[in-house]
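Participant: Generate coordinates for the entire structure from the input sequences, incorporating the hints supplied.
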Amino acid sequence: MSRTTLDAWVGVFVTMGVVALVFLALKVGNLGGSTLSNPYKLTAEFDNVGTLKVRGAVKSSGVVVGRVSDIEFDPKTYMAKVTLNIDGRYKFPKDTFAKILTSGLLGEQYIGLSPGGDDQMLASGDTIARTQSAVVIEELISQFMFNKASEGAKP
Amino acid sequence: MPLADLFQAIGRRVNNGIWRLGYAARFFLTMLGRSGIAFSRFSLTVKEIYFTGVLSLIVIVVSGLFVGMVLALQGYNTLQRYGSSEALGVLVALSLVRELGPVVSGLLFASRAGSAVTAEIGLMKATEQLSAMEMMAVNPIARVVAPRFWGGVIAMPLLAALFSATGILGGYLIGVILIGVDEGAFWSQMQSMVDFREDIVNGVIKSLVFGVLVSLIAVFEGYDAVPTAEGVSNATTRTVVTSSLVILFADFILTALMFRGS
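As they're listed, the protein sequences go chains Y and G. This note's numbering applies: residue 1 is where the first sequence begins, and numbers increase by one. This note's numbering applies: residue 1001 is where the second sequence begins, and numbers increase by one.
The hints are simulated quantities; they were obtained by calculation from the structure and are not laboratory data. All C-beta atoms, glycine included, are put in the ideal place defined by N, C-alpha and C. Accuracy of the hints is not assured; some may be wrong.
[What the hints assert, rightly or not] Non-contacting residues of chain Y with respect to chain G, defined by C-beta distances greater than 10 Å in every case (computed): (1) Tyr78; (2) Tyr90; (3) Asp95; (4) Phe97; (5) Thr102; (6) Leu122; (7) Ile141; (8) Ser150.
[What the hints assert, rightly or not] According to the in silico footprint, chain G covers these stretches of chain Y (three or more CB under 8 Å from chain G): (9) 21-28; (10) 45-52; (11) 83-89.
Facilitator: Below, the structure is given as structure tokens:
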């Protein structure tokens, strides 16, 4: 086989391989697609984060506005301290309410932000004061059982 | 004394194994030291990329497509039972990019290209072409072995990436076009769950490691073959068997190191 045909085939092969890698990176891995522009950090403390994970979504009105960047245990307050990376385009009022919600019945957990009515906005490094923990099915069931039992005790 | 004979046989096998391992390691170092020609006369390596890479394209693309299609069919059966058939894209993409892409293309690469390289070098040795080169003051490790090694190392990650990409397209074909999973959910769930650094880069690292291992085993077995027809055929068989086992073993080690946390 002549030198030029060989070079051409190898060129085609290498190009195809690189295209496959770019396809994997952009279309499958979404590199550069979902990056947040000028993110700022907020923290929130929860009694129980359930199965929330780092890189989980932060949504407001169902739109992704940020990502969970860190989850750790605070030994002073005995609560879970969650650090959020919020997109710089979105500002939230001081009295925003942070809830841990579940997508679907068994789906992944995410943080939902419900904006309040304050005219002052949260700045980088602030803490969201009002939070609601993840719903733990076992606790719900035990509350339900307890209520049923106390109903039955009434004459 | 049959017991003493038994121990002697065990000892000989272990000693031989260790000796061969050390010989292969020394061979590897020598070859790395003599690799300059594979890059200074890059057309030698390009020719080997053609033989190991371009000629493996058909088998890689076709098997990638079918593996992706089978994954989509089987995954859909299980996922729809739990009402989460939208996660089909994630299932297909993660299993291909993390495991099946590097491992299956590595196995195919070992049997398609590795065996050919062993047979070629072994036959050159059997017909005394390697000795003839030495007589002409051409180092056969630099001229014959190094380009074949580097050709394999360059071709393997590209083949694995092609395998994963065609597999995902195969999964798309079955999942979205044939079964009717929502197209938006298929891609968006895949994009939100597959991480570039964690999954795709680690997959590429795996395929690169397999490329080095398979190419090294192939050229070593060829160079070390007993220079007879039978010896070359034995060496070719050993290449395929050893590379397959080494790929699966190395895959376990790499997976344990890479995906321990998540």
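Participant: Now, for every hint given, state plainly whether the structure supports it.
Facilitator: How the hints compare with the structure:
With 10 Å as the threshold on Cβ separation, the claim that Tyr78/Y sits away from chain G holds: the shortest Cβ distance comes to roughly 25 Å. Every beta carbon of chain G lies more than 10 Å from that of Tyr90/Y, the smallest distance being close to 19 Å; the non-interface claim holds. No Cβ of chain G approaches the Cβ of Asp95/Y within 10 Å, the least distance being about 30 Å, so the stated non-interface status holds. Here Phe97/Y stays apart from chain G, with its beta-carbon at least about 25 Å from theirs, past the 10 Å limit.
For Thr102/Y, the condition that its CB be more than 10 Å from all CB atoms of chain G holds, with the nearest at approximately 13 Å. No Cβ of chain G comes within 10 Å of the Cβ of Leu122/Y; the nearest lies about 25 Å off, and the non-interface call holds. No beta-carbon of chain G is positioned within 10 Å of the beta-carbon of Ile141/Y; the least distance is around 21 Å. In this structure Ser150/Y is separated from chain G by more than 10 Å, as the shortest Cβ-Cβ distance comes to about 35 Å.
With 6 residues bearing a CB less than 8 Å from a CB of chain G, the stretch 21-28 of chain Y meets the requirement of three and the coverage assertion stands. Counting residues of the stretch 45-52 of chain Y whose beta-carbon sits less than 8 Å from any beta-carbon of chain G gives 0, not enough to reach three: the coverage restraint is violated. With a cut-off of 8 Å between beta carbons, the stretch 83-89 of chain Y has 0 residues touching chain G; three or more are needed, and the interface restraint is violated.
Hint compliance for this structure: hints 10 and 11 are not met, and every other hint is.
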